[in-house]
Amino acid sequence: MTDADHAIDAATRAVLIAEASDDQAAQAHALYALALALKGGDRLDESVLMCHLAARAAQAAGAHEFATQAGDAGSELRRFISRGWQYKDKLFALDVVLRAHDQDSTSFALTGSRTDRPREVDARIRLEVQQRSEAVSQKRARELQRREEEEARSGIHIGRMESPTYAELAVGFIALKVLGPFVEAFATKLGEQLGESVGRALGRISLFRWAGWLRHLGVAVPNSRVWTRLELPEDLTEEARLALIDLDPTADEVRGRLLHWDETTKTWK
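Mind the numbering: the sequence shown is residues 1 to 269 in full-length UniProt numbering, read in order.
A portion of the hints provided could be inaccurate.
Here are the simulated distance ranges between beta carbons [to be verified]:
1) T264 with R225: 27 to 37 Å
2) P181 with S224: 20 to 30 Å
3) G62 with L258: 37 to 47 Å
4) E253 with T2: 25 to 35 Å
20 Å max Cα-Cα, derived SDA-like pairs, lysine to any residue [what the hints assert, rightly or not]:
5) K139 with Q86
6) K189 with R255
7) K139 with E150
8) K266 with T237
9) K269 with H216
10) K189 with P222
11) K189 with D248
12) K266 with P233
13) K269 with E239
14) K266 with L232
15) K189 with A7
16) K189 with A220
17) K269 with P233
18) K266 with R241
Hints were generated in silico from the structure; no laboratory data involved. In this text, a Cβ means the ideal position worked out from N, Cα and C, and glycines have one as well.
Take these sequences, add in the hints, and give me the full structure.
Okay, here's the thing in structure tokens:
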């Protein structure tokens, strides 16, 4: 794991400890520390969500000044993300134009060698293509400089920004709040199986409702779009919880399947 992963893992554990204490102020500070750790790991969308969760917890604890600080940090980071994607989109578009100009220049040279085009016309067209390419290159250099200045101010590398389909870690915390501490134990075991931090493993876990309002616990299988799902009984016994913790959701016999708790055999199958 990288230093950023270790920091996120430690901050995640601190949040779990704070959640267990029912101390809203402690939760707020732990969530904000996690937001900063996520920001350091370039997981910006999740950092924004943790800032706002921290602000909400601080508000509930009566720590209004800290709530404002956390909320403002999240809002500013969201604005930065928006600007960052604008820089990425602009630079990508300019790179496409430059490649098109290079192709035009090459194509022009090839067709010119096979025709009796006058030298004056040939030189004029070559100059126009070169001037267009230089203008685009200068514009790209200005955009790149502005992006680098933005990165220097924020300490965030825009080039490493990604666009997750959902804020993974926050979804894991929802499962934790509903199902309790055993989800933490499950995430810890899952992280060991996958060679990931607890924070990353927790982000693979989702709780949702399916047909008939049955509760399903879903685990995203690495390097695929597959989910292993478990239909949770209304009375989730201690035996079922322990068996779930020991389950490997990536194993071939359960990978991508919907599992049910068999009270007779005391297994998920």
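Hint by hint, here is what the structure shows:
1. T264 with R225: 27 to 37 Å: holds (33 Å)
2. P181 with S224: 20 to 30 Å: holds (28 Å)
3. G62 with L258: 37 to 47 Å: The hinted range 37 to 47 Å holds for G62 and L258, with Cβ atoms some 44 Å apart.
4. E253 with T2: 25 to 35 Å: Since E253 and T2 have Cβ atoms about 33 Å apart, the given range 25 to 35 Å holds.
5. K139 with Q86: holds (14 Å)
6. K189 with R255: holds (16 Å)
7. K139 with E150: Given pair K139, E150 holds - Cα atoms ~17 Å apart, limit 20 Å.
8. K266 with T237: Distance of about 10 Å is within 20 Å: holds.
9. K269 with H216: Roughly 14 Å separates the two Cα atoms, so the pair holds.
10. K189 with P222: holds (15 Å)
11. K189 with D248: Measuring from Cα to Cα gives roughly 9 Å; hence the hint holds.
12. K266 with P233: holds (13 Å)
13. K269 with E239: Cα-Cα ~14 Å, so holds.
14. K266 with L232: Roughly 14 Å separates the two Cα atoms, so the pair holds.
15. K189 with A7: holds (19 Å)
16. K189 with A220: holds (15 Å)
17. K269 with P233: Distance ~13 Å between K269 and P233 Cα, so the pair holds.
18. K266 with R241: Status holds; Cα separation ~11 Å.
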